[in-house]
Structures are given as C-alpha cells and as structure tokens.
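Novice: The primary structure of each chain is shown beneath.
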Amino acid sequence: MQKGALVKAGQVIARATGTIAATLVASVSGSVDDVRVSDGAADAITIRADGSPGWTRIEMAGQEAAGGTPETIERIISQSGIAIPTRFGTAVIGAEDVESVIISGINADVYNPSMALIAASRLADLASAMRILRRIYPAAVIAVALDTRSRSLLRALRALVPQGDIEFHLLKPKFPQQREEMLLPVVLGKGFPRGYKAINRGVLVLGLQTALAVHEAVVLGKPAIDRIVALGGPGFTRNIHLRARIGTAISDIVDSRLRDRGPYRLVENSLLTGRRITAPATTAVGQETDTIIAVPEKEEGGFLPFAVPGFRKDSYSFTFASRFVRLGKETDTNLHGEERPCISCGFCDEVCPARILPSLLHRYVKRAVIDETIFRYKITRCIDCNLCTYVCPSKIDVASLVRQGKARPAADGSRELAPDEPSMPLKGIKINVKEPAL
Amino acid sequence: MTKGTTLFARLGSAKPLRRFAVIFHTLDGILFGTRAITTKAPHILDHIEIKRYMALVILALVPSTVAAIVFFGWYVLAMIIASYVCGGVVEVAFAVIRKKDIEEGFLVTGLIFPLVLPPTTPLWVVGVGVAFGVFFGKEVFGGTGRNIFNPALVGRLFVTIAFPEMLSASWRAPFADAITSATPLNLYRAGQPLPPVGDLLLGLAPGSIGEVFRIGVIAGGLLLLATRVANWRVPFAYLATVAAFSAVGNALAPGKFAPPQIQLLTGGLLFGAFFMATDPVTSPTTVAGKLIAGVLLGVVTVLIRGLGGYSEGVMFSIILMNTFAPLIDHLVLSLKYRPAKKRTP
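If you read the protein sequences in the order shown, they are chains A and B.
The opening residue of the first sequence carries number 0 in numbering that gives the first Met the number 0; numbering runs sequentially from there.
The opening residue of the second sequence carries number 0 in numbering that gives the first Met the number 0; numbering runs sequentially from there.
Relax, there's no trap hidden among the hints.
Mimicking BS3-like on lysine-lysine, the simulated pairs with C-alpha atoms at most 30 Å apart in a straight line are:
1. B:K335 - A:K196
2. B:K39 - A:K377
3. B:K98 - B:K39
4. B:K99 - A:K365
5. A:K297 - B:K39
6. A:K173 - B:K335
7. A:K365 - B:K39
8. B:K335 - A:K377
9. B:K39 - A:K328
10. A:K189 - B:K335
Keep in mind that the hints were calculated from the coordinates and are not lab data.
It should be emphasised that the depicted structure is a prediction, and the values quoted were computed from it without experimental measurement.
One chain only, chain A, in its complex shape (with noise of 0.2 Å):
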C-alpha cells in the first residue's frame, strides 16, 4: 500500500504471509493516509474516509455460495478479514483441526451489549451461519451458549435449526463463565492446559457478532468491516448501541456522547479485566471490541463511607443494603477504602473460579518465596479474572501478586518450576520437547 492510494471498504489491503496468512480489509473507503509496518503487533495503515457508505462486494458470495463447496466458502471468509480456521491459513489451526465451535453471547460482564438487539431480529441469519460453519467443519460439534436471561433467544434459535444437529446450553450469567476457560469445561467437558488458547485445543470460540459477520460474508458477500458497539457505563449520557466501522477512533465515538462531569476512565469491553483506553484518539474499535465503557474516576470516598447503608454499593458480602434491594449499581474507580494486611478472611478462595487458593498464593508470593510450593497449590491455574482482587476487603491486588508468581519462574528460565506440561494433544504450537530431569 502506498501513501495517497485510494482503498474501497472491503478491500483486501494487506496480507500478513508467514504460519498465518491473515488478510486485513479496509473498512472504509477514502485515501490511505499512513503505513506504518512495524516489528512489534502494531502494524497498521490509517485511511482518511471520504464518507462513502458502500463496501465492495466480495465476488464469489450469493445464497448458492453458502451451499457449494466448502472451498469456495473458506476462499470467501479469507477474503473478508475473519479470522476464523480455513485451509488458507487464517488462523493458528487449520479448518480439518476444528473440533468444536461454541458460538457464545454469554453477558456475564458489568455491562453487556444486549444479545437481544444484536440477535433477536436475526434468527434466521445465526441459522444460516450455523449452516455455514457445519459445512466448513463437518465433523465438529457445533454448540450455543447462551445465559439464563436470553432464554426466549435460545428457544427461539433452537426451532430454526435441525433437530441434533447443535447443541444448546443455557448458563448462569456469572462473571467469569464468558471466558474460553469457564465455558470449555461446561459446554464441552474438556478442559485444556493453561495459558493456551481454546484455539489450540481444536475449539472455535466466536461471539455472535461474528457468526453474523460469517453469514453476511458468504451470503451477502459483505466484508468483515463494522461491529456493534455498546456504550456502558454511568459517564455516557445515553447508554446506546451502535454500528461502527472496525478501525474507528475511539475519540470519534465517545466525545460527543460523554457526560461534562468527568473526568471519565475508559475501559474496553470489561471492568474486571479490560484494557484502560489511555489514548482514545490513537485506539481503534477492534475486531473483538463489543463494549466501551466510561466510569468515573472518583478521587473521594464520600462522608462516613464505612458507615452508610449503600443501596447502590456492590458487594460480594452482605454488608450493604444493595444486597437486599434491587437498584442500579454505581460503578467509580475509587478503592473503597485503605489497603491493609491480609486478615485472611477467606473471600478470595471463595471467588475463585479456578479453585485455588489466592490468599495463601498471594502471602507466598509477596514473601518472594517462588518455589515448587506454589505449583503443587496450582498457580498455573489462575485465568485471570481478578476477581479476587475485586472482592478484597484489605484493597490487596491479589490478583497481580498471583500473576508475578506464575510469571516469574518462566522468566527467569527455570525448567524445574516450568508450570504444567501440556499433557493433552495441542494444536498449532510447537511444543519444546524438554530433556527429562536427571
């Protein structure tokens, strides 16, 4: 791509070459802008659009494309920039190495996009990429989770595919069972080392969004170029949805929509694990992004905070009357109180999703006692949720503290304190066979 070229949405304008031959796709039409080819991840080419709406059609797509062969399906997902497994390389694993495809729209997050309003009206198009997904992955089970509260979804969904053919599984909407690491074992009772992905063990993991955008690419020919962006969180004066091209300034989205009572933080996707948009201006909506949220940064804890009743105040004890009313939570980024010692209250092991034990990992950890102790109690288990962070009474960031101790034996390159060994069969990595210990 060259400075000044002119680019239509949907054309194919870069191609990553190597083990992934990802495609990138403009999603606006306009005047190239910038290239900027870096060694790092942060490639990326600016495009200053001309506001044209239209997009260019991939070409071989049509209603009879979603029933021909599964060759022509894959060179048409190639072509519109999803990255999901084709026999062209567009992910980690190829198309014959997909096992499962769990199609997810779990809400489990403080705020959600509403599985309503990106689905409800688009029933018929999930089924269509569903069939779409069977052709491609003949084999593979192909399942659907939802939570509890788009059950009318789920049943609506369930009579428009054929009877067997997918499963359907309705779960608690609990943060974090959203995440690969929860919905693995319940959806597919399969488990799988940690810190690899899904992928890896031959699992496709793809949220609604993009089992639409697979439909609209193959039956409608229409490229991967925009996504459903929620606006949450108290710092927006609406809290809306809408449609924006991938590769949208942040700043362009939220600056005429947030409130002048800031200052706001804003975090993309998630409060309990979301990266901090630091620089709204330079930050793109991403192909994975689906909420961006403000939350105010609140510098004063209040008069008397320990001893109001906090109708509105969260909290996984039973110690405010939020517990036993039902209003609207707030959300600040202030601490809630001074951090102390550990009084071992017993909060965090009760969180855990992953069932370790964080308030006896944190202590070893923050004791610089980095031994195999802390692998037999399991740290390599932690999915990093933070969860227990969340929940401390004493403001410990224990979940920071437990991820230095998985992290640090491998930095420093021990082979004995190396966490679990893969035991199960994975996929698209190489795995260093390692000498046995003497």
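Knowing the structure of chain A, use the given hints to seat chain B on it.
Specialist: Relative to the frame of chain A, chain B by itself:
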C-alpha cells in the same frame, strides 16, 4: 498519604505534628474514606473494606453490650472506656512508631475484652489486661494479620492467671449487688440446682458481662454469619461438637459432664463460638481446617469443663485452637495438594 488538600492532611504535615501524621491520616480515612483510585484492571472494586468489616462486628456486639449495661450498671461502660483508652494507647503508639495507619481491628478487641470479664473486675485490671493483650497478643507479632492468638483472649488469659481471685471467684448476678462465687457451671460441678433455661437465655444468671444475654449473643452471631463477616463453619462445628460430645459424656458420666442444653447455654461458649473462634486471622483458612478447628474446640471445651481444674474451658480451647491453626491448615493443604511424584528418568 493522599493529596495535601484536606484539613487532616494539612494538620499531619504541620511541623510539630508530623510525627503523629498517621493519626490524622487515620481520622481522615474514617471520616472521608480514601481518595485513591485503581490504576489497572480490575478498574472497579468491591465496597467492602476493613472499617466496614469491623464495624459490622461492633454492630453485632451492640445487643450484648447494651444488655450488659442494663444488667450490671454504668460500671460496665467505665470498663469499656478503660479498655479502649489503655489498649488504644498501645495501638496508637505502635502505629506512630511504625508509621502505619491505626488498624481497625483494635476497635473489636477493645470492646470484646471487657465483655469477657466478670462485672466485678477493677478498672485497672481491665486496663492492664487489654494493654497486655494488644502488646503481646498482636503488636509483637507485627500487628493485625500476623498475630497467632486472638489479642482479647491473650489479655483475658493473662488476667485470669495473674489475678485469679478477682477473675474466677467473684461474680455477680444481673440486677444484684451480692457477690457470689458460683456461675451456673460452678453450680453444676457442686451438684447444686441450676437456673432454668429461660433465665440462662435472658441473662439472669451470673457470668462475664457480655456473655450472659444469650439471645443477644445469638442474634449478633447470626448477623455476622449472614453478612459473611464471620464464616459459619467454625461456630457450627464447635457448637455441634459440644452438643454431641456432651450428650455422650453426660450419658456415661452424668456427674461430670453437663447435658448439652446446659453446656450450650452456660459460660462463654456462645460468645466465644460466634465472636472469638471466628476471628479470621487466628483460625484456619481452609474450609476443612475450619471444620476440624470447630470439632477440636468442642472436644477440648467439654473435656476442660467436665474433667479440668477450671469450670470454664472456652478461653483455653480457643487459645489452643489458635496455636494449632497453622498446623491444621498445613495438614489440610498437604493432603489436598500432594507433592508431585518424582518421575524416574
């Protein structure tokens, strides 16, 4: 330390007061909370904090405390004030020297300690006991979170041994002026008739000032369990074991072991089970460990009450359980996470 904009922060940074900055910082935290914000994910935090956690314990102690003042007069209030003042001096002195915030756990220790004393305890004994408890029970170990023993119980144990005639021989029934030497547990040992169960529940029998109004103790204890401030496992296992073990003991040796209903409603058992054995710092942290600790507590309490030299065994059994808590956790963990077998090459 937060931004130097508030009154307390300014007082704390004034030259003659700089040494006492922690006191102002603590006051600021109590009145206005914290100004600190998260720096990375998780971007939001639970609203529970140690102040509220400890405030809930104080709230749960209110029924017992109010009943104690009603039963034994304003002298009880004087005991509580003496405890807070003397223990507070030790606590604040350590905070100033360490340059760390004053820890809220003391507010609980300072109230629990007078509540486990007889109503006739002289004020100076209250002061000496709480100071000893805070100093040797907590501060020498490095403060809250590192102590092995419940500080209030360390103080109680100290005064029991140092001033035996004041702490185990002179009791007073509620609303009465006459000094008696007999708590219901003493009466049972002497083979004398006991007060009816209703009197024991309402607190009309002699005992330590906070333990006698048992309806209030149970209500406060249930509040702690319901709010998750105390874990239910220790008190549940403790009380269940006392009931079961004393039933067996009473059937075998009725003269020595009181029947379950008497065991449960006398002495400091309910108070100890709900407010002292549940101290998260000094009890085991593992789930199984908590249950084991409760069973251990029950067995030791009934054994001391039935066969020991003292008529009451709650304090000794909790101190003993505190001693074994790390070992219990260690055993539970080593069973749950067995060391990986050495692979032979």
